[in-house]
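Single-letter residue listing:
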Amino acid sequence: MALKPKSLLRRPKNTKTVNQIPGTMTYVGRKETARTRLEVIDYNQDSYERFSSTSTEDAFKFVDEDKITWFNIDGLSNIEEIQKLGEYYELHHLIMEDIVNTGQRPKIEEHQDYLFIVAKMLYYRNGNIENEHISMIVGKNYLLTFQESDGDVFDPVRERLETAKGRIRGRSADYLMFALLDAIIDNYFLVIDDMSDRIETLEASLFIDKPKDNVTQEIQELKSTILRIRRSVFPLREVVGRLEKMENELIKSSTVSYIRDLHDHIVQISENIEIYREMIWGLMDLYMTTISNKMNEVMKVLTIMASIFIPLTFIAGIYGMNFEYMPELEWKYGYFVLWGIMIIIFFLMLYYFKRKKWL
Amino acid sequence: MALKPKSLLRRPKNTKTVNQIPGTMTYVGRKETARTRLEVIDYNQDSYERFSSTSTEDAFKFVDEDKITWFNIDGLSNIEEIQKLGEYYELHHLIMEDIVNTGQRPKIEEHQDYLFIVAKMLYYRNGNIENEHISMIVGKNYLLTFQESDGDVFDPVRERLETAKGRIRGRSADYLMFALLDAIIDNYFLVIDDMSDRIETLEASLFIDKPKDNVTQEIQELKSTILRIRRSVFPLREVVGRLEKMENELIKSSTVSYIRDLHDHIVQISENIEIYREMIWGLMDLYMTTISNKMNEVMKVLTIMASIFIPLTFIAGIYGMNFEYMPELEWKYGYFVLWGIMIIIFFLMLYYFKRKKWL
Amino acid sequence: MALKPKSLLRRPKNTKTVNQIPGTMTYVGRKETARTRLEVIDYNQDSYERFSSTSTEDAFKFVDEDKITWFNIDGLSNIEEIQKLGEYYELHHLIMEDIVNTGQRPKIEEHQDYLFIVAKMLYYRNGNIENEHISMIVGKNYLLTFQESDGDVFDPVRERLETAKGRIRGRSADYLMFALLDAIIDNYFLVIDDMSDRIETLEASLFIDKPKDNVTQEIQELKSTILRIRRSVFPLREVVGRLEKMENELIKSSTVSYIRDLHDHIVQISENIEIYREMIWGLMDLYMTTISNKMNEVMKVLTIMASIFIPLTFIAGIYGMNFEYMPELEWKYGYFVLWGIMIIIFFLMLYYFKRKKWL
Amino acid sequence: MALKPKSLLRRPKNTKTVNQIPGTMTYVGRKETARTRLEVIDYNQDSYERFSSTSTEDAFKFVDEDKITWFNIDGLSNIEEIQKLGEYYELHHLIMEDIVNTGQRPKIEEHQDYLFIVAKMLYYRNGNIENEHISMIVGKNYLLTFQESDGDVFDPVRERLETAKGRIRGRSADYLMFALLDAIIDNYFLVIDDMSDRIETLEASLFIDKPKDNVTQEIQELKSTILRIRRSVFPLREVVGRLEKMENELIKSSTVSYIRDLHDHIVQISENIEIYREMIWGLMDLYMTTISNKMNEVMKVLTIMASIFIPLTFIAGIYGMNFEYMPELEWKYGYFVLWGIMIIIFFLMLYYFKRKKWL
Amino acid sequence: MALKPKSLLRRPKNTKTVNQIPGTMTYVGRKETARTRLEVIDYNQDSYERFSSTSTEDAFKFVDEDKITWFNIDGLSNIEEIQKLGEYYELHHLIMEDIVNTGQRPKIEEHQDYLFIVAKMLYYRNGNIENEHISMIVGKNYLLTFQESDGDVFDPVRERLETAKGRIRGRSADYLMFALLDAIIDNYFLVIDDMSDRIETLEASLFIDKPKDNVTQEIQELKSTILRIRRSVFPLREVVGRLEKMENELIKSSTVSYIRDLHDHIVQISENIEIYREMIWGLMDLYMTTISNKMNEVMKVLTIMASIFIPLTFIAGIYGMNFEYMPELEWKYGYFVLWGIMIIIFFLMLYYFKRKKWL
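Residue numbers (this note's numbering), protein chains in the order written: chain A, 291 to 649; chain B, 291 to 649; chain C, 291 to 649; chain D, 291 to 649; chain E, 291 to 649.
Treat the hints as calculated values from the structure; they're not laboratory data.
In this text, all values refer to a predicted model and were calculated from it rather than measured experimentally.
Among these hints, one or two may not hold up.
Since copy identity is lost for identical chains, a pair holds within one copy or between any two.
Claimed, not checked - Subject to a maximum C-alpha distance of 30 Å in a straight line, what follows is the list of computed BS3-like cross-link-like pairs (lysine-lysine):
no. : residue 1 : residue 2
1   : K590      : K351
2   : K590      : K374
3   : K646      : K455
4   : K374      : K455
5   : K646      : K590
6   : K535      : K351
7   : K455      : K351
8   : K590      : K644
9   : K430      : K542
10  : K357      : K430
11  : K542      : K455
12  : K647      : K455
13  : K590      : K502
14  : K430      : K535
15  : K590      : K647
16  : K535      : K622
17  : K502      : K647
18  : K430      : K455
19  : K535      : K357
20  : K542      : K622
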């Protein structure tokens, strides 16, 4: 359990990139071992071809400049292959650095011949929210995507390309970029839906008799998770907002209404995040009230028990004294009279606590 | 009770729309079974005709292009009929998607020949605030409205159309749009008035002796309700604000002052929401203070009882000892003297607590 | 007492105006029974005439177009008379609606021939802050003012007009408008001064021994009062700010420096409101600390009493046992030795608590 | 002690100025009795003359239009003298009102021939932060300053003028204005340094064993002091910011870089104020934790004492019973065996609490 | 320990600079004793020369105007040497003041022939975050840097210059400035990484059984540290932002993309700071909950012990009374029956507390 709170702060250590020459490519993620896999898809309205490889040279042969090319790279630790790709497409070396720097926040940059977009994919793996760095380069008739590991978020898009479903094959590279961003953002919905389920469950558990022991830990974890999601979503909202307003010939006017739709979605997600955030922060207050209420109950039990029996014990103590002359002791029914008095005191006490609504 | 907190987070699950082709119409609401009902009202200054049907084809025949047509659709689960309507009026397929996507937040879009507005109706059903998705398309001489189920919020407008009350029959489609938005926003007043009543009741209940057990739950529920209302109202305020400033020939200059009035109303509602929000958040603090005060009272009773009787019991214990030589025991009035001492101690104690203002 | 918290939320119920035709005049205030009273003041540099009536027709006769006319209406429930006035001065029917809608927030509207200003007067009545709706129409040479009931806030202005004190008689209608707004805002100073006195008193009461029982209630009431004041003041600040920057021939350039002065005043009031708000919110924390400190003190008394006497009672209990062979009991000075031991324990305990600084 | 909290809210009562004709000069400060003292300093690169008087007429004779004149007025309660000065320099009557209205917040106004600046001096007097109203009029070759009482903040500037140290004598009136503002703002540093010392001391006192009784009061006082400082500093930051950007021939371009430096200083002060504010608000939380920790300790002592001795007392009570047949009582070593058992229980209890880490 | 909280407020006392002539150089740091050391590096694409001295005159001889000169000064207390440098490069005397005023916040100023940048270096020394004042002057072909003491943050840049690694030797002075700012900002990553480690450790410690005694102190210290870091980072973010957008011929267009990269980094740092801040503030709540939970546990033990044994002691007390006629005492098995009853009561109590889930 003690490992959980780390989740918030889990991020690529920046130490690696400190004191390096700017533009140096350093993969700072935690997926060092993943093999780099290249996939090229050439398509237009009428045709679709797909090619997989681990060598960039092989892949370049396959690129068909007359069609739209989607070049997807899975795995960022093999810096040499990525560098060759960067040289092939003449990318700025600072962009090359950002592609493998998984600590880079979502952003968009307009360059002469292409747009550079950084985003984050969020998905569940073993009950934890995983954060995956993804970069896109959109050119006139190509789209390059760089992912940390082979995720399945883009599969529906691949399928639509292959089966020519929807409008995707007849459109240009910017529409493909939209389709991929749409897939990423659609996935956020799943993540925040799950978030909301966890909040509901935790909140409900606070209203039942015995909340679990690790409530604070779970609240703390929810806090850090929502902060992490926010850190991925909010800059991406800016990115999409800028895409919508951008006047760049790479973005066809027919794509703009789709991007506006995307913007709608990510604004909706942001609003939900803010609401969940507010609810999570409220949970701590709620829990404090719960604890205080329980303490109150404990104290009442103690006070009632003590207030009833302490005076009675005192009375019993009195008649346990060994004075030579204690007239009551010699009365015949003294003992029974005393029992009577004690029972009366007992019920008076009960009545008193009843009236105070402690019972 | 444990079901209540869900209310905040109750919203159409987004899962359904994930990984779909953009522009795909998917009804995500919870009113799947509702039949789709179409109603066409043709009117101008002098005439008024109303036609109800479940078939779009029948309805189209009724549309009179020389008059203003209000085409109202109740029920969004019958996607085919809505699609036919969309084709008839040449609506963009992303708009078609938004019409049935009840998760869509309020927004306004300017298109070539029409305006597209999404809003939320809020009303009470069985003590809960229900949230209904509503879309409007305003064209040159037609207004399309799409609702989840047949509500009665628009009935006063229908009546004014039928009886030619007010200015509505002599005006164009944008005025009808204003009248409907006005009906929606007027309804918000009812919802926040009810909110304020519930806050008052809860606040008052915190000042009486025994607050109900589920105070925290009610506060939590109020929190989530106000957050939900806010999520419907705030984006709509933006929508109305943009409508006011929009320079579009679909909005006649004579309608603008009405829209400004509408804007005033929704700003007023927003301000109230913020005030209620602040009051609700304050209730939790108030409740904490109440609990702490009660705990204080409980502790005082315990402390007074214990502080008085524990020393007395000790004294009684002393003279219950069996030492062979305890001179006091043999004194004739020892017992009565002791009673005297104990009564004095008792009153000194009372005086002490009185001075400390604990009694 | 339980009625107090209502004060925050006391506002005209909006229910009355729901589902009405826009532009319908409905008085929603709580002063239905007040008679409507009209007062016309015609003045210029050299002359001053005043006329009171309850009939608009009578009043219209009195209006002298060559002079500046101040037409003041007290009481908004008599809608017909107000309507006649509206027709006489050709006011838009939406303005007529706002004049009697006491729920309308402060605002300013520029129309063709006149400015329309809504403000709120705040003053004390029976220890409560009352909120009065006031509307102004400023035309070329007339000023209309509409109040809920006959207040005395404007009396100093009337007196200056009558006695020709200051510059007021030689100026145009916009200066009169400024003078009235100035009177309203001057009054806010009184209200917030009183607010500050109440905060001081409450704060001081938290530092003395026994805070009053209804501290939370008073804090809650202060909270709601400051929120209500804020709701009247903040939109008016915007109104004055817009007046200052407005380029409208109705506002003479010589009046602008006075309006700037007005703006200074209302900004100063707003700043004070924010400071008082922060102080009031802080009072709750202060009170919580006070409660906790008191609880601490109570617990210390209990702990000291119990810790001292419980062990002593145990010792007494030991020698109250009836074992056949208990050597100490037979010692001659056993009893006195025991007293000695118990007194030593007593003082050791006292010393222990002294060192812990609990005494 | 109960007088302290007033400090926050100590400000000139606004009551005096309510319902007055705008432009009426009313001194609202608390230094009514102070004599008004006038001082004229004429200087240029080569000469320096200084003249003190209590009569404006005398002072006017001394003004040399060929030199730069600094006209300083100490004491604002003598309104007539100030009015004469205002007439001499043809100041707007609203400015005259602001000069003596000590409630006026810092501001800057551009007029035809002069700039009008209102600021606040803060300094320590008897351990309290005093707030002094100061106004400046900067003309082409004169600077008028109006202070509530004769402070010593400007003395270093006077000395530099007299001894011709630095650049001051060779510059124009705007540089003198800068020098005086600089003196005022430099003084703020002393005030916030003292603030920081008090926060440090208080914070340190919360970590030692027995915090002083009046901790809450001191925190509350710090809160109100920082709010008061803020109210003086923040509007002045705006004033200096506007001075920096102002395009007015009264401000020489050579002075602008000095004003930028001034702006730097006041921004730095503002940042410190915000940090101190955050720290002070945090102190309350810290104190609450301290209280709770102490309560915990108290409760532990009670629980340990009670848990150990209550069962032992019960056992002693058992063998104090007077049943005719209680076999243990007759055992020879019964008493000693029981002592053994009780000692074992005692140590088991100690061990239990040790393991729970309560000891 | 009591010394720690000072860390927040540790800053150069401003007292020294109060009432000084503007432009007076006063070193206000705490490193008075450090010797001033000068280092000149002349370089271009092909050559690299380095010269160290303590005399400016010696250093000036070394400056080669045909190459790019980096003039680095370590130690600011030797004001005369710095002044000579200022005269050599014709720096404004206000800049000279800022160079040695270690209280100056990060800023950027555009002057005729050079840019002036103030920044703060943050690094660890003996477990504390040290804050070092650094100023830069960028001219056409020179860069002056002024540090408080000889730090090693710039060493990697020196090495790249010496070994001609990367692009640095072929670029102009603005690229060198970028490289140094990059080194400073890279170092921030180390500082905030350490911050995050400390938060993790503290948070984890709150979930284990016995949090350390000085938790509040550590939280308080983290608070003040994060506030201090923020004060260094946030204004620097503005500085870098302005550098990015600045249109100044001193900043080559080829350098702009590097500065954009720098901006990305500092924005990322700022976001992390805000997240850590939120987490730290949350830790206090977390700790409060922990304390309350512990108190609850303590109270439960007390309540259970007292509730079980107080009634039993009472029963024992009853049969310790000395009434002459108490029939139970004479029953043969009275004693054993009583034991039975007491054991039953004991288990009933246990069962009761078990059901209440207190055990």
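Hint check:
1. K590 x K351: For K590 and K351, neither the intra-copy (81 Å) nor the inter-copy (75 Å) Cα distance is at most 30 Å.
2. K590 x K374: So K590 and K374 fail the 30 Å test inside a copy (75 Å) and across (68 Å) alike.
3. K646 x K455: neither (72 Å within a copy, 61 Å between copies)
4. K374 x K455: between (33 Å within a copy, 21 Å between copies)
5. K646 x K590: both (11 Å within a copy, 13 Å between copies)
6. K535 x K351: neither (36 Å within a copy, 41 Å between copies)
7. K455 x K351: within (27 Å within a copy, 34 Å between copies)
8. K590 x K644: both (12 Å within a copy, 17 Å between copies)
9. K430 x K542: Both ways: K430 and K542 sit 11 Å apart in one copy and 28 Å across, limit 30 Å.
10. K357 x K430: Cα proximity of K357 and K430: one copy only (11 Å, versus 42 Å across).
11. K542 x K455: within (20 Å within a copy, 42 Å between copies)
12. K647 x K455: neither (69 Å within a copy, 59 Å between copies)
13. K590 x K502: Both: 23 Å inside a copy, 17 Å across copies.
14. K430 x K535: So K430 and K535 pass the 30 Å test inside a copy (19 Å) and across (28 Å) alike.
15. K590 x K647: both (10 Å within a copy, 16 Å between copies)
16. K535 x K622: neither (102 Å within a copy, 99 Å between copies)
17. K502 x K647: both (28 Å within a copy, 12 Å between copies)
18. K430 x K455: within (23 Å within a copy, 35 Å between copies)
19. K535 x K357: within (27 Å within a copy, 38 Å between copies)
20. K542 x K622: neither (110 Å within a copy, 105 Å between copies)
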